[in-house]
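Protein sequences, first through last, are from chains A and B.
With the first letter of the first sequence counted as 1, position 18 gets the number 18 in my numbering; the numbers rise by one all the way through.
With the first letter of the second sequence counted as 1, position 242 gets the number 242 in my numbering; the numbers rise by one all the way through.
No lab work stands behind these hints: they were computed from the structure.
No experiment lies behind these values; they were computed from the predicted model shown.
Incorrect hints may have been included.
[Said to hold, decoys possible] Under the rule of at most 27 angstroms between Cα atoms (straight-line distance), these lysine-lysine pairs were calculated in the DSS-like manner:
#, chain 1, residue 1, chain 2, residue 2
1, B, K265, B, K167
2, A, K25, A, K46
3, B, K227, B, K213
4, B, K140, A, K57
5, B, K260, B, K227
6, B, K140, A, K46
7, B, K170, B, K64
8, B, K260, B, K200
9, B, K140, A, K73
For reference, the chains in residue letters:
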Amino acid sequence: MRPLGQLRRYLMLRLLHENIMQLGKYTAQELDENHIEILHIDQTAKDFRIQYRVNNKESQAIFMRVMLYSDIKAILQTLDETVEIPS
Amino acid sequence: MIQLVYGLVDMQSFYASCEVATRSEFSRGRLQHDDTIDPSLVVAGDPEHRRGIILAATPVAKAKGITTAMTLGEALRLDRGLIVVKPRMELYLDISVRIQQTIQQHFPLHEQFSVDEAFFAFSYPTGLFRDPIIVSQALKDAIWDQYRIRCRIGLGPNKWVAKMANKAAKKAANGVIWWREEQVQQELDGIPISGMWGVKRRGEILTRVFGCKTIGDVANISGARLKQYFGNAWGEILYRWSHGIDLSPIDPYSYEAPNKGYSHKTTLARDFEERSEVAVVLLELLDEVCERVRHSGQKGRRISVGITYAGFDGGFHKAKTLGEYTDDAKLLYPVCLSLFDCFWNGEPVRAIAVGLNDLIARTEMIQLSLFEDTIKQNRLNQVIDHLHARFGEMSLYRASSLLPAGQRETRSGKIGGHTMG
Ligand SMILES: [Mg+2]
Numbered sequence: 001m002r003p004l005g006q007l008r009r010y011l012m013l014r015l016l017h018e019n020i021m022q023l024g025k026y027t028a029q030e031l032d033e034n035h036i037e038i039l040h041i042d043q044t045a046k047d048f049r050i051q052y053r054v055n056n057k058e059s060q061a062i063f064m065r066v067m068l069y070s071d072i073k074a075i076l077q078t079l080d081e082t083v084e085i086p087s
Numbered sequence: 001m002i003q004l005v006y007g008l009v010d011m012q013s014f015y016a017s018c019e020v021a022t023r024s025e026f027s028r029g030r031l032q033h034d035d036t037i038d039p040s041l042v043v044a045g046d047p048e049h050r051r052g053i054i055l056a057a058t059p060v061a062k063a064k065g066i067t068t069a070m071t072l073g074e075a076l077r078l079d080r081g082l083i084v085v086k087p088r089m090e091l092y093l094d095i096s097v098r099i100q101q102t103i104q105q106h107f108p109l110h111e112q113f114s115v116d117e118a119f120f121a122f123s124y125p126t127g128l129f130r131d132p133i134i135v136s137q138a139l140k141d142a143i144w145d146q147y148r149i150r151c152r153i154g155l156g157p158n159k160w161v162a163k164m165a166n167k168a169a170k171k172a173a174n175g176v177i178w179w180r181e182e183q184v185q186q187e188l189d190g191i192p193i194s195g196m197w198g199v200k201r202r203g204e205i206l207t208r209v210f211g212c213k214t215i216g217d218v219a220n221i222s223g224a225r226l227k228q229y230f231g232n233a234w235g236e237i238l239y240r241w242s243h244g245i246d247l248s249p250i251d252p253y254s255y256e257a258p259n260k261g262y263s264h265k266t267t268l269a270r271d272f273e274e275r276s277e278v279a280v281v282l283l284e285l286l287d288e289v290c291e292r293v294r295h296s297g298q299k300g301r302r303i304s305v306g307i308t309y310a311g312f313d314g315g316f317h318k319a320k321t322l323g324e325y326t327d328d329a330k331l332l333y334p335v336c337l338s339l340f341d342c343f344w345n346g347e348p349v350r351a352i353a354v355g356l357n358d359l360i361a362r363t364e365m366i367q368l369s370l371f372e373d374t375i376k377q378n379r380l381n382q383v384i385d386h387l388h389a390r391f392g393e394m395s396l397y398r399a400s401s402l403l404p405a406g407q408r409e410t411r412s413g414k415i416g417g418h419t420m421g
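The following block holds chain A by itself, in its conformation from the complex:
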């Protein structure tokens, strides 16, 4: 790839990063507004174990990576194609 092509790809990813950070902030705000507090997240190779509090009630939940990935796989694929990273 030509140098300008590479620079272009780099800037696209920076924009995406900014966008995703923005979405992350928005989602964190939403958690706040709904009084959902994340106390702790345990990450393992297969899952996230999350300790949280909703309206002062503490709970825990398990989310498996394999299911989360199945939800975002289409996005990741589009991303791969757009930035043309050779796989």
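Assemble the complex: chain A is given as a structure, and chain B with the ligand must be docked to it using the hints.
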């Protein structure tokens, strides 16, 4: 008055649901309360061959007439667009372990009943569990939100009724049914004998010898007559069940002599030619054996696998003794598979047996650590103490069968053959 409500939660088409929930091509737009937009998908022993056996099917596939134990060829005739996938046993076990933990987080008094079923119990009414339907619904929602798997829940005054209510919940719009003590008999009366859970071939005898069509008909037979025919233990059990009575944790198997070992055998509806097909049945049988061993208050260390080849001609029966005693299917399953792999000559399989013997009482082996953590987190000490006193420690034991140690073992082991990964 505070009473106990028992629940049985059962995942919908578990293996097929695991596939749908973990494949991105299906994950978009799924709806918790509408399984008709899910794909028509089956898990089959050998997708390349039309004689592979259907091991699990989504509700959409079932609606087209596809059933388990049908051949793939038969299923494809019913649905040309059918999506066929190979079993991934390790994935199913990974999901199963976590769903059981989630159930236990909701209901600390929890007992795994099979890979995709669990009993639970809670005091009612108390401040913690206000409305049985609502707390059950919350569990259903949690399992959907976390795993994208649907389940249904039956509630009743005891385990057996919970199991029966669970079957009825299939037809309930929200997948939860609660039979209160005073309505149990009426609900049971109309259910055909074939729907009487746990009686196995005794159901045929009730029909043939006693002319019973429904559970209500059984309830009309005196306990003495039932005992005369079925013996004291089963006569009493049939009498109780037909009246919606179950004194669990006194278990239907608990009358059996201790220390003798347990085994389960099944004759397949047809010949199984694929390793992955046999692997699924091995786990089901093992699950049932472990359940019985646990209920007898024991653990075992000698695991056996028996295989009969097609035409009931030849086969093998091999056992392996482990270094330690266990009642955990997740630990024993890799051993079952390796026994099968070592001795199977590749011939089609017609009957499969799994046994666990060399048993010891496991009273001293109880580990409550995981359970105690959960108690602390949920501040449920008082409730637990109450339940503990009422049931004894055995009912709490199951929680520790789900300790992460069990998972670590299965992760490193090869499970389910070629499709693992
Ligand atoms: Mg099920």
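Against the structure, the hints come out as follows:
no. : hint             : in the structure
1   : B:K265 to B:K167 : holds, 24 angstroms
2   : A:K25 to A:K46   : holds, 26 angstroms
3   : B:K227 to B:K213 : holds, 19 angstroms
4   : B:K140 to A:K57  : holds, 19 angstroms
5   : B:K260 to B:K227 : holds, 24 angstroms
6   : B:K140 to A:K46  : holds, 22 angstroms
7   : B:K170 to B:K64  : holds, 17 angstroms
8   : B:K260 to B:K200 : holds, 21 angstroms
9   : B:K140 to A:K73  : holds, 25 angstroms
The structure is consistent with each of the numbered hints, conforming to all of them.
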